[in-house]
Amino acid sequence: MSSNNCYHCGLDCGKNPVKFNDKCFCCNGCKTVYEILNANELGCYYDLEANPGTIPSEIKGKYAYLENEEIVSNLLEFNDGEIAVVEFYVPSIHCSSCIWVLENLSKLNHGVITSLVNFPKKTVRITYKIKATNLKEIVELMTSIAYEPYISLNDADAKKNKVSKTLIYQLVIAAFAFGNIMMLSFPEYFQLDGFWINKYKIVFRWLMFFMSIPVVFYSAKDYFISAYKGLRHKMLNIDVPVALGVSVLFIRSSTEVFLNIGAGFFDSLTGLIFFLLLGKFFQQKTYNFLSFERDYKSYFPIAVTKISNNKEEAIPVKNVCEGDRLLIRNEELIPVDGILINGEALIDYSFVTGESVPVVKKSGDKLFAGGKQTAGAIEIDVINTIEQSYLTQLWSNAVFNKTKEKNIKNITDTISKYFTIVILIIAFIAGIYWYFKNPNIAFNIVTAVLIIACPCALALSAPFAFGNMLRIFGYQKFYLKNTETIENMAKVDTLIFDKTGTITSNNTSKIKYEGIPLSSDELQLIKTVIRASNHPLSRALYKFIEEPCLTKKLDYFEEILGKGIKAKYKNNKVKLGAASFVGVSQKNINETVIYISINKELKGKFSFSNNYRKDTQKVFNELSKKYKLIILSGDNEGEKEFLSKMLPKETLFKFNQKPEDKLNFIKKLQQKGAHVLMLGDGLNDAGALAQSNVGIAISENINVFSPACDGILEANLFNKIPKFLTLASKTVTIIKISFIFSFLYNTIGMYFALTGQLTPVVAAILMPASSISIVIFVTILTNWISKKN
Amino acid sequence: MEVVYITIGVSVIVAIFFLIIFIKAIKSGQYEDTYTPSVRMLFDDELVSDKNKEHN
Numbered sequence: 001m002s003s004n005n006c007y008h009c010g011l012d013c014g015k016n017p018v019k020f021n022d023k024c025f026c027c028n029g030c031k032t033v034y035e036i037l038n039a040n041e042l043g044c045y046y047d048l049e050a051n052p053g054t055i056p057s058e059i060k061g062k063y064a065y066l067e068n069e070e071i072v073s074n075l076l077e078f079n080d081g082e083i084a085v086v087e088f089y090v091p092s093i094h095c096s097s098c099i100w101v102l103e104n105l106s107k108l109n110h111g112v113i114t115s116l117v118n119f120p121k122k123t124v125r126i127t128y129k130i131k132a133t134n135l136k137e138i139v140e141l142m143t144s145i146a147y148e149p150y151i152s153l154n155d156a157d158a159k160k161n162k163v164s165k166t167l168i169y170q171l172v173i174a175a176f177a178f179g180n181i182m183m184l185s186f187p188e189y190f191q192l193d194g195f196w197i198n199k200y201k202i203v204f205r206w207l208m209f210f211m212s213i214p215v216v217f218y219s220a221k222d223y224f225i226s227a228y229k230g231l232r233h234k235m236l237n238i239d240v241p242v243a244l245g246v247s248v249l250f251i252r253s254s255t256e257v258f259l260n261i262g263a264g265f266f267d268s269l270t271g272l273i274f275f276l277l278l279g280k281f282f283q284q285k286t287y288n289f290l291s292f293e294r295d296y297k298s299y300f301p302i303a304v305t306k307i308s309n310n311k312e313e314a315i316p317v318k319n320v321c322e323g324d325r326l327l328i329r330n331e332e333l334i335p336v337d338g339i340l341i342n343g344e345a346l347i348d349y350s351f352v353t354g355e356s357v358p359v360v361k362k363s364g365d366k367l368f369a370g371g372k373q374t375a376g377a378i379e380i381d382v383i384n385t386i387e388q389s390y391l392t393q394l395w396s397n398a399v400f401n402k403t404k405e406k407n408i409k410n411i412t413d414t415i416s417k418y419f420t421i422v423i424l425i426i427a428f429i430a431g432i433y434w435y436f437k438n439p440n441i442a443f444n445i446v447t448a449v450l451i452i453a454c455p456c457a458l459a460l461s462a463p464f465a466f467g468n469m470l471r472i473f474g475y476q477k478f479y480l481k482n483t484e485t486i487e488n489m490a491k492v493d494t495l496i497f498d499k500t501g502t503i504t505s506n507n508t509s510k511i512k513y514e515g516i517p518l519s520s521d522e523l524q525l526i527k528t529v530i531r532a533s534n535h536p537l538s539r540a541l542y543k544f545i546e547e548p549c550l551t552k553k554l555d556y557f558e559e560i561l562g563k564g565i566k567a568k569y570k571n572n573k574v575k576l577g578a579a580s581f582v583g584v585s586q587k588n589i590n591e592t593v594i595y596i597s598i599n600k601e602l603k604g605k606f607s608f609s610n611n612y613r614k615d616t617q618k619v620f621n622e623l624s625k626k627y628k629l630i631i632l633s634g635d636n637e638g639e640k641e642f643l644s645k646m647l648p649k650e651t652l653f654k655f656n657q658k659p660e661d662k663l664n665f666i667k668k669l670q671q672k673g674a675h676v677l678m679l680g681d682g683l684n685d686a687g688a689l690a691q692s693n694v695g696i697a698i699s700e701n702i703n704v705f706s707p708a709c710d711g712i713l714e715a716n717l718f719n720k721i722p723k724f725l726t727l728a729s730k731t732v733t734i735i736k737i738s739f740i741f742s743f744l745y746n747t748i749g750m751y752f753a754l755t756g757q758l759t760p761v762v763a764a765i766l767m768p769a770s771s772i773s774i775v776i777f778v779t780i781l782t783n784w785i786s787k788k789n
Numbered sequence: 001m002e003v004v005y006i007t008i009g010v011s012v013i014v015a016i017f018f019l020i021i022f023i024k025a026i027k028s029g030q031y032e033d034t035y036t037p038s039v040r041m042l043f044d045d046e047l048v049s050d051k052n053k054e055h056n
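These protein sequences, in sequence, are chains B and P.
At position 542 of the first sequence the residue is numbered 542 (the numbering used here), and the sequence of numbers has no breaks.
At position 53 of the second sequence the residue is numbered 53 (the numbering used here), and the sequence of numbers has no breaks.
It is possible that part of the hints are untrue.
[To be verified] Restricting the straight-line Cα-Cα distance to at most 20 angstroms, the calculated cross-link-like pairs of lysine to aspartate or glutamate (EDC-like) are:
no.	chain 1	residue 1	chain 2	residue 2
1	B	Lys285	P	Glu32
2	P	Lys27	B	Glu77
3	B	Lys285	P	Asp33
Treat the hints as calculated values from the structure; they're not laboratory data.
None of the values given here were measured: they were computed from a predicted structure.
From just these sequences and the hints, can you work out the full model?
Here it is, written out as structure tokens:
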């Protein structure tokens with residue numbers, strides 16, 4: 001570590017480092033953290049990592065709302081009057097020393113009993129004594145040592161269901177039974193008539209029978225339930241032949257044991273269920289650090305400051321009523337629609353629209369929920385409660401309440417319909433044939449057909465192919481919610497892009513000045529002129545000019561919409577805006593520029609380079625060959641001309657789309673039969689993402705929030721979208737090939753079954769062999785295509 | 001050869017014992033966070049040695 005770097009956070013300390021104990025700190029915050037840790041003998045925090053900490057943020061009464069009992073009781077997981085448990089999400093957890101210092105919170109605050117970090121989830125669970133400390137103290141302590149917990153409206157809702165472990169239990173029991181039953185059935189396979197086996201086989205058979213009972217009635221119960229549901233909806237899904245196979249296997253095996261005529265197929269039965277559950281298990285892949293289910297509640301604050309009778313009081317956001325007067329501090333989010341009463345509002349709507357340039361609002365203007373105040377405190381009068389606000393209303397749309405999967409028949413179910421019918425016909429014909437030829441074995445033949453027809457390999461190919469592809473995508477930083485998404489991606493024929501934040505990057509655009517150099521006075525003048533303008537370009541330019549504003553007011557100011565600004569200050573007449581407005585001819589119309597003229601003399605122009613993502617043009621050209629492309633933007637048509645030149649001719653443009661419009665637009669396309677993939681970012685796309693067949697959120701940083709979606713893509717991987725789509729459709733092709741193979745296995749098995757040769761040994765070899773070979777086949781192929789592409 | 005009854009009985013009981021232990025382990029949440037405990041384990045040692053230094 002070089003001497004001029006902060007001892008706590010590792011940043012450059014600049015010219016005036018804060019000195020303490022012979023150590024340099026970049027700010028007083030970092031010094032405070034060092035002091036706190038050192039005073040409590042936690043100094044070895046600094047031995048663990050070279051630069052462990054992050055810069056602490058300031059607190060200033062931010063957590064006053066944690067004194068409100070209603071809010072606190074919503075946050076607590078457990079509370080018995082003595083001891084309380086709370087779990088916080090702490091985004092700044094990033095290294096091993098973070099774990100260490102957070103787990104030693106009890107040394108910093110003696111009311112804390114234990115604190116336990118879950119590093120992959122970035123959460124800390126704190127148990128504390130209610131009498132010795134309170135939540136506010138703990139949160140303020142954490143904030144002061146730079147581990148600020150993220151508390152949102154989402155935390156106020158009842159604690160959500162934990163991940164179900166049922167599948168793991170089912171799998172474990174099936175594995176246990178499969179292994180043991182295989183051992184017990186071996187002797188009979190290899191020694192059919194010995195004295196020894198005749199003595200013990202009854203014990204073995206009954207043991208196998210008892211072990212298979214929990215497998216059939218617990219591990220395999222979901223297949224029966226799903227088959228029953230499918231049949232009730234008149235759908236022959238893949239679980240119908242599976243359930244049929246399992247029940248026939250169990251009934252025939254049990255009959256053989258009860259009547260003491262054979263060993264049954266218990267090992268095939270348990271093996272089948274084990275492999276099927278393994279496939280189901282492999283299909284699940286959860287990313288601890290991501291959530292695909294977020295709605296506005298994850299963004300919104302849990303409490304807000306209400307002003308009544310000149311007193312400030314923290315109340316839960318849910319209790320806000322129409323007509324309340326709220327105080328919004330700097331950097332706070334406006335949770336409800338309101339009218340600005342007091343203060344200078346500079347609202348950043350990037351959460352909502354993806355537009356990063358803040359907007360100025362004047363007293364009396366309407367402010368929409370979701371905006372973040374970025375310039376000092378303001379007061380607003382509430383006009384809509386949280387559920388009725390402009391943005392949050394979107395979530396009352398039915399799209400958010402239904403699950404998508406139910407409407408979609410997946411590839412395996414489509415094929416299993418024909419499969420089941422064919423199998424039943426074969427079994428029926430075989431039964432009749434053998435009934436006349438040799439009625440004694442007719443029962444055996446029919447059950448053997450149904451056993452061998454059990455589509456184990458068929459049911460395994462899709463879970464393993466999609467499961468493996470899901471992991472491959474994950475390695476390449478494209479995170480999908482579930483395997484159905486890959487299947488839906490392969491079906492997509494229409495791609496819809498949001499503009500701001502999706503094909504443009506959120507970082508403020510680059511600005512260049514060309515022309516006669518401007519003096520400092522002139523720059524100050526320009527900055528003053530554009531200060532009052534709400535146009536995004538003006539806001540960007542306002543940020544770009546470093547000179548301070550003039551202190552005096554302008555003598556004259558007029559903004560002509562879509563053209564420019566006319567202003568007068570003392571003797572200077574300023575005109576700035578579009579080329580035609582200033583009175584020059586623009587050479588390159590693909591540029592976004594502001595021309596400047598002072599006292600009728602053209603000074604020059606500020607040009608804004610469009611910061612579209614790398615390779616946007618290339619990606620669109622590549623995609624236009626296969627897909628219908630649509631740009632669906634909430635912005636005005638300002639850049640339509642430029643975009644239509646840059647992007648392929650067939651691209652459709654829709655501007656001025658409200659969140660609801662986007663949703664309905666997609667709904668209409670779907671009614672016409674289109675399969676839609678939507679790429680978006682802000683909360684305003686949330687409805688469209690939920691409505692589309694595949695909704696993918698683009699995110700500059702996957703650790704920050706993104707709206708509910710089927711997949712999250714890192715923004716710098718935008719150019720890989722064509723590749724991911726190709727991989728998805730190739731995966732489906734692989735599955736189709738593996739279906740052919742599994743039919744082949746079934747045909748071989750059918751030969752044994754129909755000729756009456758299906759002994760337990762044959763079944764015991766054929767079933768695992770077919771399942772395992774299919775799994776290996778799809779895994780190798782999916783790995784191969786992902787490497788090749 | 002009656003000993004086979006005992007051996008099979010014992011082996012099944014042992015197997016079931018391990019099955020129960022494993023299910024209990026899953027239930028306790030051991031497999032949910034496999035990273036943090038590996039780090040935590042090392043910290044405890046450090047804290048002890050630090051205190052020892054001060055006492056000496």
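Hint check:
Of the pairs offered as hints, the one joining lysine 285 of chain B and glutamate 32 of chain P holds, with about 13 angstroms between alpha carbons and a cut-off of 20 angstroms not exceeded. With a CA separation close to 19 angstroms, the supplied pair lysine 27 of chain P and glutamate 77 of chain B stays within the 20 angstroms bound. Restraint check: the Cα-Cα separation between lysine 285 of chain B and aspartate 33 of chain P comes to about 15 angstroms, which is no more than 20 angstroms; the hinted pair holds.
Against the hints set out earlier in the document, no violation occurs for any number.
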